[in-house]
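Dock chain B against chain A, hints included.
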Amino acid sequence: MPMMEYIAAIRLAMKEEMENDPSVFILGEDVGVKGGVFTTTKGLQEQFGEDRVIDTPLAESAIAGVAIGAAMVGMKPIAEMQYSDFMLPATNQIISEAAKIRYRSNNDWDCPIVVRAPIGGGIFGGLYHSQCPESIFFGTPGLKIIAPYSAYDAKGLLKAAIRDPDPVLFFENKKCYKLIKEDVPDDDYIVPIGKANLLREGDDITVISYSLPLHFAMQAAEELEQEGITSHILDLRTIQPLDREAIIEAVRRTGKVLIVHEDNKTGGVGAEVAAIIAEECLYDLDAPIRRLCGPDTPAMPINPPQEKFFMLSKDKLLTAMRELALY
Amino acid sequence: MSTTNSVQKNITMPQLAESLVSATISKWLKRPGDTVDLYEPICEVITDKVNAEIPSTEEGVMGELLADEGQEIAVGEIICRIVTEGEASEEASAPAPSAPAAQSPAVRPASPTGASAAPQAASGGEAGGMRARYSPAVQALAAQHGLDPAVIPGSGMGGRVTRKDVLRHLEHGGASQAAASAAPTAPSAPQPAAASFAAPQPAAASFAAPQPPMFASSSLSSQNEVRHSGLHLSENPKLPKIEIEEGGRGANETYIDITPIRNTIASRMRQSVTEIPHGWMMIEVDMTNLVKLRNKHKDEFKRNEGVNLTYPAFVIKAVVNAIKDYPIMNSVWAVDKIIVKRDINISLAVGTEDSVLTPVIKKADQKNIAGLAMEIDDLARRTRERTLKIDDMQGGTFTVNNTGSFGSILSQPIINYPQAAQLTFESIVKRPVVINDMVGVRSMANFCLSLDHRILDGLICGRFLQRVKENLESYSPDTKLY
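These protein sequence lines are chains A and B, in that order.
Numbering (numbering that gives the first Met the number 0) for the first sequence: 0 to 326.
Numbering (numbering that gives the first Met the number 0) for the second sequence: 0 to 481.
Just chain B, same shape as in the assembly:
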């Protein structure tokens, strides 16, 4: 086994979005020793916005995990190491020094360089080309104390023996051990040192006593080793896990830790309510024709497309067309100006058991009803599965909230900051309605609009809602989905 070929690659926390400075590891998907393909997800992270998977930037075998689940890691910090070219995987992945010792003998006879595994294992599985390169300081110290640096576990880059490693070794009485091992009378002791250095040595010599030095150096390392990489100089404090604690004291109270997403919801809601002067309006829409249209197509659509043809698709189409007529609805308050967004990106409020997220339908104005239905299905499914990406959450310009899905007939939404307005689509209920002085049973639904009163006033919003209403009521059984 040629451990020299394998390289440990550090995997760092990527910058998932411009504004993110850290993310919390929620779950490791790969364990030490697992094979990792390029771009294969290695862990799940929670940011203050979404859950995301971190793809591997290397191909190889998972080495150390340097972050615990539940731990918040700053962008750019190392989260784990991946051993590329696989060969040294057994050592790298094995946390206990005894594991490589147990595995190595089986592999060793295959190669005369196998004995070099002994100091490798001693260094805690650190592999790399720096193992046998000694700095002037290390050489000077080693010479001064009659040490062979090859027997000292290396904690530096690529398994390098650092000056501090030598000093630590000396402190732990390594000098006497090394002196003993340097004595040529002891047949087994010099083995790891000699074998790792002298490549042209006959194979037989390195096989002479494979076991004792292996264990000797392994146990040595477990005693002396304070760390097996520089980052493990001290333990990172563990962050509290996200879990529900039963309140032990009064037993009347339950404490729920705030998740990053809950925290974001809380601060965004507070920011919206405090910064935006909310106005509110409601309009009633006759959905009868739309109900007929949907009923006509829904079974066939499900058969053809595999997704449900839901009302929000029609509603969003109607809203988007109304925004095209009143582009000011699609804007942001910027203190000294109002920024009107050209792209109409609809944020869709999707509730889960413990949060509400607003994934975005990008460029909704360029999609037809069928396309919207499919995208809504996709976003809603991925929200529930918690597989939304940061990109799915960004760029929304107007929010539509299907509050009717949980039976509401009237609601007063808090605007999705920094957008200008949010529209809710309430339950469709059959009601007696007077049309042309006759009473008929119609499918009615309320639409409620919260508006940023700095940007929008009643008149423009009234017109906008009227246009939404017209668009919805002008659906007919002949309306094309595609």
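Excised from the complex, chain A in its bound form:
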């Protein structure tokens, strides 16, 4: 099994799917000749040609719109948003068109598009290259939203997303691109959409998260184990639809829940997870549900001290997890 960066796993998923299915194609800004600003699509235009790896104008609404149109006639487009921050011109296409096509056509039409967009900060990207826009799309029925934390999951989930008959938003974490390196199988495997994944078993606290903060949680859990605190860590993997059963089961294990995400706290994914727990697990709770999230500020600042303040870290997780364990 080759060691592979998170970004290479995403590239490999697209490559494999394009080789297997001629209806799969990529469109986006700088995805072709340049191979993507992060090199996510590097080499794909050489392999598949200009017709299947298309450089588009700087118009996100057009990227999404063209993808939706192509999907209408049987194609399976992968639309890349260069940064999720730039995705907002495409929200109308995504929310009002892609998400509603199956419903509106009474199941006659579907819209098998994947919109890939890098999320997250910690890369000195500042206001317009660091956002986590999950909460903008979260709660829109008709969309599936995926946010993998590992290279293995990134490949398996992207392949599942490409094959999925409905619109999928694939939020890849740009800080993970080069940071995460692990064994990724060469073979054609799928990680199912809608299934959460238990990363670590423990008895003292449950941590529920997705994307980058899970790495911090895993590191913190390792340290807390030295103190005798064991952590039960659940990776949501798919944030829409949420895996309610897995959430409930993970909560029942310890009765103490910490929900973590980099997107800001108010109205985030964590709020919905907390609501599910409150609805289903009241009598299993041994402590108030806690959330550790990005602060409710308009954006991530670019200067390093404030960026550090904004970003989650192992230490922040460690403090929050220990506090909850001691409660």
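Just so you know, these hints were derived from the structure itself, not from any lab.
The C-beta atom is built at its ideal place from N, Cα and C for all residues, glycine as well.
Take these hints with a grain of salt, some might be off.
Stated by the list, open to error - Below are the DSBU-like pairs computed for lysine-lysine, each with C-alpha atoms no more than 30 Å apart in a straight line: (1) B/Lys479 - B/Lys429; (2) A/Lys33 - A/Lys180; (3) B/Lys362 - A/Lys264; (4) A/Lys158 - A/Lys315; (5) B/Lys336 - A/Lys307; (6) B/Lys301 - B/Lys388; (7) B/Lys8 - A/Lys307; (8) B/Lys8 - B/Lys29; (9) B/Lys340 - B/Lys362; (10) B/Lys297 - B/Lys366; (11) B/Lys8 - B/Lys388; (12) B/Lys361 - B/Lys297; (13) A/Lys177 - A/Lys315; (14) B/Lys8 - A/Lys315; (15) A/Lys313 - B/Lys8.
Unchecked claim - Examples of chain B residues toward chain A, derived with CB under 10 Å: (16) Met129; (17) Ala136; (18) Gly155.
To be verified - Examples of chain A residues lying across from chain B (beta carbon under 7 Å, computed): (19) Glu4; (20) Asp50; (21) Leu325; (22) Tyr326.
What follows is chain B alone, placed relative to chain A:
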């Protein structure tokens, strides 16, 4: 005794300096049960730079000590707990469950709520308002197993009974005990539970059998209790103490553990020698006039100020004045630039038995000779007493080393990184010297300068040393100390 009023406050390892991430507790100055005033030192710590005392941020009575002497604690970690408002001090401070049991009966008749001390003691002295607040999970489990959560020792925040406490209690056969205690036929068993809950209960009821439930619950706790606070889930590995071990094997060798300060000295010296290309110069100074000046004032100075009027005060004054003329001496190499420091902060090398430290005379250019003498005395004394603070060690821009104090006449100092130079002041010796073609006996001393050759060259340093020499030789019996 109203245990509900007392609160356990966590005391954490403070950030003693920007760069510090941890410190080693060298000595606890307060023991559990000791009264602690606000800002009163509670322990001594060794950092990689100095020994410092940690002042208390709370007023109250020392509770648990969560760190051992010799243990390295990361900044922000809890080192101990202080019980504020004193009332619960006996329980909080007593590690053995029998101690509160022995003390409580004497106090108890004074207050009808005294019986609540029983579950308190059972929880290992954890006091706080969370004792009787049960989470949905605890209530559900208790109901399911017919338990009264009040009899279960709480390990959570503020003595709260956690879900795990209930599960542990069940595992240890707590269910049957609790079931027995729930039976109203046993007069003594339900006591701790009932009393702690029912506040309006007549006092007589809670006094009915104070002793048996006390001991019952105490011994129960000592059996069942795995920890008495969350942080004690497992024992921290003890760090090796700083001590000299006699080598048992060959008996020819002695192993000395490296102290944090020794480690810092070692790495700083290596860093200085490897990074800084050292140059070296020496100059000879006629100290005769200075000796006379000092002899004239030293007794009176000692009488008036209570400190010795030492040569380094005069030397530092002369050096500082020379630095003012050659500010480049007061600089730092920053790869793409040289940073010249405006404040002249003189690091003074002070040797102790097992280390050398360089406390700093801040803004030495703004002090007169008397002021310098007093500051030198203060820093040297506090170095020997190991009471220097981090702040005393920081900000030095140029080092003066009184190597003459141990008889050296020539030395080649390693620059105090990242400064640009270090000057040593060697022994003053009487020697025949030719002055105006006549031989006279003069008090002579050598001054040696190590310089960062990236910043400084021979010419500028030669001029600087000449200026030091001029300044020292131009002292006269009329020079003012103040």
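A quick look at each hint next to the structure:
About 25 Å separates the Cα atoms of B/Lys479 and B/Lys429, which keeps this hinted pair within 30 Å; it holds. A hinted pair counts as satisfied when its Cα atoms are at most 30 Å apart, and A/Lys33 with A/Lys180 qualifies at roughly 23 Å. For the given pair, B/Lys362 sits about 48 Å from A/Lys264 by alpha-carbon distance, which is inconsistent with the 30 Å threshold. Distance check on the hinted pair: A/Lys158 and A/Lys315 sit about 33 Å apart at the alpha-carbon level, beyond 30 Å; violated.
A C-alpha spacing of about 28 Å is found between B/Lys336 and A/Lys307, which places the hinted pair at or below 30 Å, so the restraint holds. Pair hint B/Lys301 plus B/Lys388 holds up; C-alpha atoms about 26 Å apart against a cutoff of 30 Å. Between the alpha carbons of B/Lys8 and A/Lys307 the distance comes to roughly 29 Å, so the proposed pair stays at or under 30 Å and holds. A hinted pair counts as satisfied when its Cα atoms are at most 30 Å apart, and B/Lys8 with B/Lys29 qualifies at roughly 15 Å.
Of the supplied pair hints, the one linking B/Lys340 and B/Lys362 holds, its CA atoms being roughly 11 Å apart against a limit of 30 Å. Only pairs whose Cα atoms come within 30 Å are accepted, and B/Lys297 paired with B/Lys366 is accepted, the gap being roughly 18 Å. Of the pairs offered as hints, the one joining B/Lys8 and B/Lys388 holds, with about 25 Å between alpha carbons and a cut-off of 30 Å not exceeded. For the hint linking B/Lys361 to B/Lys297, the alpha-carbon distance of about 24 Å falls within 30 Å, and the restraint holds.
For a cut-off of 30 Å, the pair hint linking A/Lys177 to A/Lys315 stands: about 22 Å separates their Cα positions. With a C-alpha separation of about 21 Å, the suggested pair B/Lys8 and A/Lys315 falls inside the 30 Å cut-off, and the hint holds. For the suggested pair A/Lys313 and B/Lys8, the alpha carbons sit about 25 Å apart, so the restraint of at most 30 Å is met. At its closest, the beta carbon of B/Met129 sits 9 Å from a beta carbon of chain A; the interface hint therefore holds under the 10 Å criterion.
For B/Ala136, the interface hint holds, since its Cβ comes within 10 Å of a Cβ in chain A; the closest pair sits about 4 Å apart. Hint status for B/Gly155: holds, given a least beta-carbon distance of 6 Å to chain A, under 10 Å. For A/Glu4, the interface hint is violated, since its Cβ never comes within 7 Å of a Cβ in chain B; the closest pair sits about 30 Å apart. Taken as an interface hint, A/Asp50 does not check out: its beta carbon lies about 51 Å from the nearest beta carbon of chain B, beyond 7 Å.
Nearest Cβ of chain B to the Cβ of A/Leu325: about 3 Å, under the 7 Å cut. The hint holds. For A/Tyr326, the shortest C-beta to C-beta distance to chain B is roughly 5 Å, which falls under 7 Å, so the interface hint holds.
In summary, the numbered hints that this structure violates are 3, 4, 19, 20.
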